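Which chain is which? The protein sequence lines are A, B, C, D and E, in order. The first sequence begins at 1 in our numbering and counts up by one. The second sequence begins at 224 in our numbering and counts up by one. The third sequence begins at 447 in our numbering and counts up by one. The fourth sequence begins at 700 in our numbering and counts up by one. The fifth sequence begins at 928 in our numbering and counts up by one.
In short, the hints are calculated from the structure, not lab data. Just so you know, not all the hints are guaranteed correct.
[Claimed, not checked] As a list, the in silico DSSO-like pairs of lysine-lysine whose alpha-carbon atoms are at most 30 Å apart:
1) A:LYS60 with E:LYS982
2) E:LYS931 with C:LYS574
3) B:LYS353 with A:LYS60
[Stated by the list, open to error] Covered stretches of chain A (chain B as the covering partner; in silico rule of three or more C-beta atoms under 8 Å from a C-beta of chain B):
4) 130-143
5) 171-177
[Stated by the list, open to error] Some but not every residue of chain E turned toward chain C, in silico, with C-beta under 8 Å:
6) ALA957
7) ALA958
8) PHE961
9) ILE965
10) SER968
11) LEU972
12) PRO978
13) VAL1052
14) GLN1053
Here the structure is a predicted model, which is why all the values come from computation and not from measurement. Glycine residues also receive a C-beta, built at the ideal position from the N, C-alpha and C atoms.
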Amino acid sequence: MKFSTSNFELTANDLSAVRGERLLFKQLNFSLKNGTILYLQGANGTGKTTLLRMLCGLSKPYSGVINWCGNNINELAEDFHQNILYIGHLPSIKEDLTALENLQFSLALTGDSFDFAHACEVLKLLGLGKALHLPTRVLSQGQKRRVALARLWLQNLPLWILDEPFTALDVAATELLKQKIEHFANAGGVVVMTTHQEVLINAPNFVQLRLEDLDKPNHNLKN
Amino acid sequence: MKFSTSNFELTANDLSAVRGERLLFKQLNFSLKNGTILYLQGANGTGKTTLLRMLCGLSKPYSGVINWCGNNINELAEDFHQNILYIGHLPSIKEDLTALENLQFSLALTGDSFDFAHACEVLKLLGLGKALHLPTRVLSQGQKRRVALARLWLQNLPLWILDEPFTALDVAATELLKQKIEHFANAGGVVVMTTHQEVLINAPNFVQLRLEDLDKPNHNLKN
Amino acid sequence: MKNIDTKTDLQRLKFNWLQFASPKTFYPLAGKIIPWCAAGAAILIAYGLYLGLLVAPTDFQQGEGYRIIFVHVPAAWFSMFLYLLMALYAGLGLVLNARLSYMMATAIAPTGAMFTLVALVTGSLWGKPMWGAWWVWDARLTSELILLFLYIGYFSLKAAIDDKNRADKASAVLAIVGAINVPIIYFSVKWWNTLHQGASVSLTQAPAMAAVMLKGMLVMTIGFWLYSIAVVLMRVRAEILERDSKAAMLRLD
Amino acid sequence: MKKKLSTLSVLYRVLARDIRVALRRQSDVAAVFFFFIIAASLFPLGSGADPKLLKAMAPSVLWVTALLSCMLSLSRIYASDHADGTLEQIMLSNQPTVLIVLMKILAHWALSGLPLVLVAPLIGVQFNLSGAELQTLALSLLMGTLALSLIGSIGAALTLGIRGTGVLIAILVLPLYIPVLVFGAGAVNAVSIGMSANGALSLLGAVLAMALVFSPLASAAALSIALE
Amino acid sequence: MKKKLSTLSVLYRVLARDIRVALRRQSDVAAVFFFFIIAASLFPLGSGADPKLLKAMAPSVLWVTALLSCMLSLSRIYASDHADGTLEQIMLSNQPTVLIVLMKILAHWALSGLPLVLVAPLIGVQFNLSGAELQTLALSLLMGTLALSLIGSIGAALTLGIRGTGVLIAILVLPLYIPVLVFGAGAVNAVSIGMSANGALSLLGAVLAMALVFSPLASAAALSIALE
Ligand code: HEM
Ligand SMILES: Nc1ncnc2c1ncn2[C@@H]1O[C@H](COP(=O)(O)OP(=O)(O)OP(=O)(O)O)[C@@H](O)[C@H]1O
Ligand SMILES: Nc1ncnc2c1ncn2[C@@H]1O[C@H](COP(=O)(O)OP(=O)(O)OP(=O)(O)O)[C@@H](O)[C@H]1O
Ligand SMILES: [Mg+2]
Ligand SMILES: [Mg+2]
Chain A
1 MKFSTSNFEL
11 TANDLSAVRG
21 ERLLFKQLNF
31 SLKNGTILYL
41 QGANGTGKTT
51 LLRMLCGLSK
61 PYSGVINWCG
71 NNINELAEDF
81 HQNILYIGHL
91 PSIKEDLTAL
101 ENLQFSLALT
111 GDSFDFAHAC
121 EVLKLLGLGK
131 ALHLPTRVLS
141 QGQKRRVALA
151 RLWLQNLPLW
161 ILDEPFTALD
171 VAATELLKQK
181 IEHFANAGGV
191 VVMTTHQEVL
201 INAPNFVQLR
211 LEDLDKPNHN
221 LKN
Chain B
224 MKFSTSNFEL
234 TANDLSAVRG
244 ERLLFKQLNF
254 SLKNGTILYL
264 QGANGTGKTT
274 LLRMLCGLSK
284 PYSGVINWCG
294 NNINELAEDF
304 HQNILYIGHL
314 PSIKEDLTAL
324 ENLQFSLALT
334 GDSFDFAHAC
344 EVLKLLGLGK
354 ALHLPTRVLS
364 QGQKRRVALA
374 RLWLQNLPLW
384 ILDEPFTALD
394 VAATELLKQK
404 IEHFANAGGV
414 VVMTTHQEVL
424 INAPNFVQLR
434 LEDLDKPNHN
444 LKN
Chain C
447 MKNIDTKTDL
457 QRLKFNWLQF
467 ASPKTFYPLA
477 GKIIPWCAAG
487 AAILIAYGLY
497 LGLLVAPTDF
507 QQGEGYRIIF
517 VHVPAAWFSM
527 FLYLLMALYA
537 GLGLVLNARL
547 SYMMATAIAP
557 TGAMFTLVAL
567 VTGSLWGKPM
577 WGAWWVWDAR
587 LTSELILLFL
597 YIGYFSLKAA
607 IDDKNRADKA
617 SAVLAIVGAI
627 NVPIIYFSVK
637 WWNTLHQGAS
647 VSLTQAPAMA
657 AVMLKGMLVM
667 TIGFWLYSIA
677 VVLMRVRAEI
687 LERDSKAAML
697 RLD
Chain D
700 MKKKLSTLSV
710 LYRVLARDIR
720 VALRRQSDVA
730 AVFFFFIIAA
740 SLFPLGSGAD
750 PKLLKAMAPS
760 VLWVTALLSC
770 MLSLSRIYAS
780 DHADGTLEQI
790 MLSNQPTVLI
800 VLMKILAHWA
810 LSGLPLVLVA
820 PLIGVQFNLS
830 GAELQTLALS
840 LLMGTLALSL
850 IGSIGAALTL
860 GIRGTGVLIA
870 ILVLPLYIPV
880 LVFGAGAVNA
890 VSIGMSANGA
900 LSLLGAVLAM
910 ALVFSPLASA
920 AALSIALE
Chain E
928 MKKKLSTLSV
938 LYRVLARDIR
948 VALRRQSDVA
958 AVFFFFIIAA
968 SLFPLGSGAD
978 PKLLKAMAPS
988 VLWVTALLSC
998 MLSLSRIYAS
1008 DHADGTLEQI
1018 MLSNQPTVLI
1028 VLMKILAHWA
1038 LSGLPLVLVA
1048 PLIGVQFNLS
1058 GAELQTLALS
1068 LLMGTLALSL
1078 IGSIGAALTL
1088 GIRGTGVLIA
1098 ILVLPLYIPV
1108 LVFGAGAVNA
1118 VSIGMSANGA
1128 LSLLGAVLAM
1138 ALVFSPLASA
1148 AALSIALE
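Only chain A is shown next, with the shape it has when bound in the complex (with noise of 0.2 Å):
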């Protein structure tokens, strides 16, 4: 595996997130390269998403920057995106269209070209052999989650952000997808995730980042 950018660095300097009233997180800073995965940890609430969703550029953070090879990624804009695979917790695929459709979408939107074989060949690795051709609609919850996560296999981009992969996916899905996100970190990819799962992952670089309820130190809830 390859990557357009054979070096590369995501960096977050002292950023904070607000939502309403409440500060989620504060001065926040890490910066990442080539082979590490961060794995962002935190009980529910204490502002994951928010964080995956600023990495993205998808919103703005109240303070701080992101930079990306030492640019800010809201002027690198496109130039940024092209980098990123970012899998939310929305499953991401039109319900009309069938699960090969959609990802042929998925890698335009990135200007990769579609490969039809790979593209079975990867669902049907995926367990989705029979459905290849159904809309996804009645798909399963976790057979669609598979379906967005298939984009692992096709695409060729440096930085995956994902949250919450292993949602709804069954035993078998869960080794597969640990064993591909180890495989891409090895490869020199970088990673930010979520999980709520206990999944082990073996990386070089595995880095934890604990966010804390800023609110309540000593919750009862003790995480």
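We have chain A already, so just place chains B, C, D and E with the ligands on it with the hints.
Same frame as chain A, but now just chains B, C, D and E with the ligands:
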């Protein structure tokens, strides 16, 4: 905890389900008495959600019957509904209302009166103390699930049907819910649930039922 | 003992009756009926047109133009009759949960819509010489137009839902609700003063028109009827084939 | 064991919740209202300003616009409840679905039909309608909009979860709306030409009565089909 | 490393996908079309059957109905993409959002505005319009509906993710639609009274040109706000 019917039984006779042109499962038989937890297992797309919705009467089996204390649930209709607490994979809350308003309405639907103080207490127990009066739209994924799950603490119904209740919950909330389910079963309730997460539940009557993929008995993703 | 016997007998009866309504027995039966109906339709429609166009006398008021009545009136009747029939089958489908019933309803719809269109087109062709306009917004004409819309709504709803089962049921509910329009069309001439003329054939009164005209119209009507049966059964057969080839893939013992 | 709520108080809560949800988004309720006003004002713009033509157009324009605005808000009855799963909970209630459905329809009417009844006479004045005509307009809309909500609920339930619902509802529902329109606008037209509106109004009443009986049944059936 | 697609072929794919999604539901496209026909037929019903009145009403009725049918289908442009998360992916595309937005608008027009242009003359006949009037009607709708899709896209983007969107879009968009309506219906009215339609049509052209330039920009900005 006490229930309106002290002795009851949910039985399924020769159930089968068909979706599109696929047979999902067939000849399913079971009978659940007080204090039983039925843990439905199976890979993605094997028909767990389909089965749960059938048990509620939301969709009709392709063949076979479901009985509640010996009567067909379709004939019982509302008389059956007043016994079930169903939580599907959608949070089932109105995003424009606050957590409290949502709970009040859910309770009204099964004819339960709403004890404001008690509801506040339960929401606080679930870590939503600060969010009592926010519209649920702004809550995080996990917080929304917690609001939906608060019904388990507030309603007094003998049959729980839970579709992946642990999704999106953090470790602390998972633990809390697990204890609640065990406690409910010990008090004589019946639970039917699915989950892909590994949650160890201790209950005297813990039954596992595994749905297989009928299309591919030796599928390469063994589960 | 006796009680139980009766019950099983009843069950057997019900079973036989339902078996008759099962696609498997229906398919060959329909296959036998179709050629007869098709041939009958062709002969009767040809005879009806002959009576209407050549035998019937020229009308002293309306000239030759009135001859369109031989198509217009039976088509208008059938547009309404077939709608009611469709709603009836849809209702049966909901009550008995019988696939065949839904198939019948689905198969009737296109023919009904076609007759509605024919009634509208012939009517407006006739309207131009009679009233000096292709179209006037009078109650009967409008409600016939609404009937066309109801058929269209039925198709659209059916097409919009891809789960066959749900599509059948949902469109059945719509068909039944829409049936309310049929009496409105039929009685519209009575309830409002309209340009369109009232019923001239009725069961209680002596027919007001020439015997040969009446005969021509009746022949056409029966011809249309046979045509509808033939076409509808053909559609149902095609539908059975399609659904069964899919159902065959189910390995349900 | 706590006391169970009575049917009436459950129904009251359903009604209250729907109204509360709608009011939480005041803009939503205001929207139906303004749509009516704006759309009705489009016609004079499109047709120049001949006062006679306007007066002649008024009954049909006002009634058709009222009908369209009711129709536009139909998806509010069930669609959001369906999307967030609340509808399943409603179907699993221990009260008959038919009654719950009726409450939801009434809530819809109170917040979309009723405001129109109140504002229509004001707009009628702009179209030069006389006092008697305005009265009949208001009365016919009062009965008519309730019938529209009832009939529309069937279409809303049938199209649940289908894409492009807005337009599909329109096709299903508009033909069924026609009797309401004909009798409603007919009543106003009758007054304009100096005749009595009673005939048209009582036919409108008959339509309303039928809708009250059948629509909740049909809607409940449609909902359980939609969730299957 | 595979070759990257060119901007043009990405844009083509966006257009093709939107059209494919819409055609997958043929009923959806047909629906706009039938809504137009049915709604236009409502007016004569409401107003009795005076052919002179009908002819006088025709330009405003046909134009207002075309406008309403375009408006009703506006939510199709972005709403479903927003609901299922595809819109986020679109915003993260490596192509300028403005161009992608333009493609989505064109897809919408091809499947909602264009069919109206084709069917409007047929309905015009029912309202007794003459040949010259019908021609002007078709021409003004051809330019006008494209402008309506462009302008409407801004409203659709602004109301994303807001409940009761249908009616809110209407309020935002209808006032912006007024120039299009005035010039469009004005062109037909001019022909009816024996004058030239050129003035009105060139003003309509100017509106269209402005919309072409500004609407994609405004829509793209509105989208990134909606996703924040
Ligand atoms: C598009 C225009 C028209 C439509 C939609 C239409 C519709 C109908 C319908 C629905 C019926 C059957 C109702 C019944 O049997 O009571 C009917 C019957 C009839 N129509 Fe028309 N009509 C149209 C134009 C005309 C015209 C222009 C004439 C001639 C002046 C005409 C003459 C008749 C006659 C004589 C009957 C038979 C009535 C009877 O004997 O029951 N129609 N039409
Ligand atoms: N208007 C507001 N007022 C107060 N708090 C708000 C407001 N909007 C959002 N919030 C809070 O912001 C937080 C958003 O959290 P976010 O969705 O990022 O959480 P998360 O870490 O992804 O949680 P989860 O594990 O449940 O997915 C929530 O705690 C929510 O309650
Ligand atoms: N029209 C159809 N044609 C073919 N298969 C269909 C059709 N509709 C639904 N299905 C299949 O039916 C199954 C429904 O599964 P269901 O949602 O019950 O799965 P589940 O066991 O809950 O899975 P998950 O663990 O992912 O939630 C899926 O495998 C889906 O692909
Ligand atoms: Mg989150
Ligand atoms: Mg499931």
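Each hint tested on the structure:
no., hint, in the structure
1, A:LYS60 with E:LYS982, "violated, 56 Å"
2, E:LYS931 with C:LYS574, "violated, 63 Å"
3, B:LYS353 with A:LYS60, "holds, 24 Å"
4, 130-143, "holds (count 9)"
5, 171-177, "holds (count 5)"
6, ALA957, "holds, 6 Å"
7, ALA958, "holds, 6 Å"
8, PHE961, "holds, 6 Å"
9, ILE965, "holds, 6 Å"
10, SER968, "holds, 7 Å"
11, LEU972, "holds, 6 Å"
12, PRO978, "holds, 7 Å"
13, VAL1052, "holds, 7 Å"
14, GLN1053, "holds, 5 Å"
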